[in-house]
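**Q** Sequences and hints are given; from them, build the entire structure.
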Amino acid sequence: MITATALTKSYGHTRVVSDLSLHCEPGTITGFLGPNGAGKSTTLKMIVGLSRPDHGTSTVGGHPFGDLPNPTRVVGTLLDASAMHAGRTGRATLSIAARMAGVPTARVDELLDRVGLSDAADRRVGGYSLGMRQRLGIAQTLVGDPQVLILDEPANGLDPEGIAWMRGLLRDFADQGGTVLLSSHLLHEVQATVDNLVVISQGTAVASGRLTELLASSSLLLRTPDPEDLARALRADRIDYQPGPDQTFTVDVLGGRVTPEIVARVALQQQVLLTELRPSDSGGLEQLFFSLTADKTAQPQEAAA
Amino acid sequence: MTSTTMTHPVLTASANSQATFTGIPFGRLVRVEWGKATDTRAARWLLIAVAASTVALVLAPLLSPSSIDQSYTSYLGFAAVALSILLPVVSILTLTSEWSQRTALATFTQEPRRMRVVTAKIAVSLMLGATAAVFGGLVTAAGLGVAAASGRTLDANLTAGLLAAFLLYVVLNVMTGVALGALVHNSAAAIVASFVLSIGFGLLGRASQLVAEWLDYSTTFTWLLNGQWAGHTAQILVSVFLWVAIPLAAGLFRTVRREIS
Chain W
3 MITATALTKS YGHTRVVSDL SLHCEPGTIT GFLGPNGAGK STTLKMIVGL
53 SRPDHGTSTV GGHPFGDLPN PTRVVGTLLD ASAMHAGRTG RATLSIAARM
103 AGVPTARVDE LLDRVGLSDA ADRRVGGYSL GMRQRLGIAQ TLVGDPQVLI
153 LDEPANGLDP EGIAWMRGLL RDFADQGGTV LLSSHLLHEV QATVDNLVVI
203 SQGTAVASGR LTELLASSSL LLRTPDPEDL ARALRADRID YQPGPDQTFT
253 VDVLGGRVTP EIVARVALQQ QVLLTELRPS DSGGLEQLFF SLTADKTAQP
303 QEAAA
Chain P
30 MTSTTMTHPV LTASANSQAT FTGIPFGRLV RVEWGKATDT RAARWLLIAV
80 AASTVALVLA PLLSPSSIDQ SYTSYLGFAA VALSILLPVV SILTLTSEWS
130 QRTALATFTQ EPRRMRVVTA KIAVSLMLGA TAAVFGGLVT AAGLGVAAAS
180 GRTLDANLTA GLLAAFLLYV VLNVMTGVAL GALVHNSAAA IVASFVLSIG
230 FGLLGRASQL VAEWLDYSTT FTWLLNGQWA GHTAQILVSV FLWVAIPLAA
280 GLFRTVRREI S
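Protein chains in written order, with the numbering used here: chain W, 3 to 307; chain P, 30 to 290.
It should be emphasised that the hints constitute simulated quantities derived from the structure, not laboratory data. Heads up, a few of these hints could be off.
[What the hints assert, rightly or not] Taking beta-carbon pairs under 8 angstroms as the criterion, some of the chain W residues facing chain P (in silico):
{"#": "1", "residue": "Leu52"}
{"#": "2", "residue": "Ser53"}
{"#": "3", "residue": "Thr79"}
{"#": "4", "residue": "Leu81"}
{"#": "5", "residue": "Asp82"}
{"#": "6", "residue": "Ala88"}
{"#": "7", "residue": "Arg101"}
{"#": "8", "residue": "Gly104"}
{"#": "9", "residue": "Leu189"}
From the three backbone atoms N, C-alpha and C, an ideal C-beta is built for every residue, glycine too.
**A** Given below as structure tokens:
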């Protein structure tokens, strides 16, 4: 379990994280999503005690991170897979983690095998690709047999096969009661992995909840060759609509009170032909996320212009 | 042992819950840090260089019997100087590599009580220093053995006090490296600073006797090595305070407070 309450952090006059709260339950994977520079890493660092919040508190497994006597037994942390000693072998890197956790070193071989690095174990990490370092980093997080995983951009540098592998590994971990918090700046990267989502922009949580709910479209898209008839039919049943281009209409679902079935029945009763009836593409979350990312990339261009 | 079956995150009380609430013993931290200080190729080459330079410098009095004083302390003095050059670099790297290699990110999530980690690193530096001092003593003994075997008369002027002074000299030089490494978290900058400061104060010492006698630790530490405490005690203590105590205290403070990114 991970809980953060009202975390706030400034560097100088720049507010990096502002009043951010999140809660991750055992058995779930939570995606921490936001554009680069939104404050994801800073938040994760505050949770694991590498950065001091100006205000706010956080706990992992019910305790402030700094109070955990042997943290790797409770929470596996991977904040930056490239932050490894280049001169040390993969095996040596894991052995250090195993000795710190106080687990038998036999576990090192077991984990190297599990993350597919057995053959590269005795090569120096300096020669590893980023994907291999991510795998080694994941092995490092699992060393102490923790109940919680905190991962910053774990999919960085992984090929599609590697991402699928990690997805399976995290799903297993959560299914066995583990808690996972992972960050990403790519919606599609986490969409297939996470149960819950916290979206952060400029240090503030702008959306959070179950992925299915956040992704659910807030409106339906209708298309008909007879727009005037359809408009009349909708008005007759007091369904609000927005006419769109190419003989389309958008209808707000009003939190589920308007369903595709209701719309289809209206069309049937008034004998209006529908050629399309589906949740609209501009689903809330995707729209929100793209607008956040767009804002973020638009700013430097304005500044340069 | 349930902990060998890694596919089970601990949900219920198990053998692991005991380990969860037991802190990391300090002895384990020291063993881990000893491993980190010696397990890379760079670290091993540096330790080999320390050993080689010690042997090389002890060869000097052995090969120049006419120009260099043939006494036990003279031979030991060459070993001491050799150790004072590279051993501080070993200590610097022990402290700085966490930052230069960015492993601090992992290390301080494994043990969030940063002071314990740094204390373990200092313990390792002192152990390496003591080992190097013993090695220096052995090389000196070997050099003296060869000199004696070749029929030279050697002044057996070494006392227990001077032997202790030798150990203290090596340890203090190690501690200057530790202090600098704790304060300056960048390997290259700390190593450069260590040489520039020591050479710089040596040069300033030529211009100002005050600097030479109070601030240039190579001068004051040499008094200590030679057992010349009389009249120099205050100067030795001031230089230790200035080059070890102050930067170490500032460095520990910085390490504990630093935001890690």
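**Q** With reference to the structure, classify each hint as holding or not holding.
**A** Here's how the hints hold up against the structure:
1. Leu52: Given a least distance of 4 angstroms, the restraint on W:Leu52 holds.
2. Ser53: holds (5 angstroms)
3. Thr79: holds (4 angstroms)
4. Leu81: holds (5 angstroms)
5. Asp82: Holds, because the Cβ-Cβ distance from W:Asp82 to chain P comes to roughly 6 angstroms (cut-off 8 angstroms).
6. Ala88: holds (7 angstroms)
7. Arg101: With a minimum Cβ separation of about 5 angstroms from chain P (threshold 8 angstroms), the hint on W:Arg101 holds.
8. Gly104: Holds, about 6 angstroms.
9. Leu189: violated (25 angstroms)
Hint check: a violation occurs at hint 9 only; the rest are consistent with the structure.
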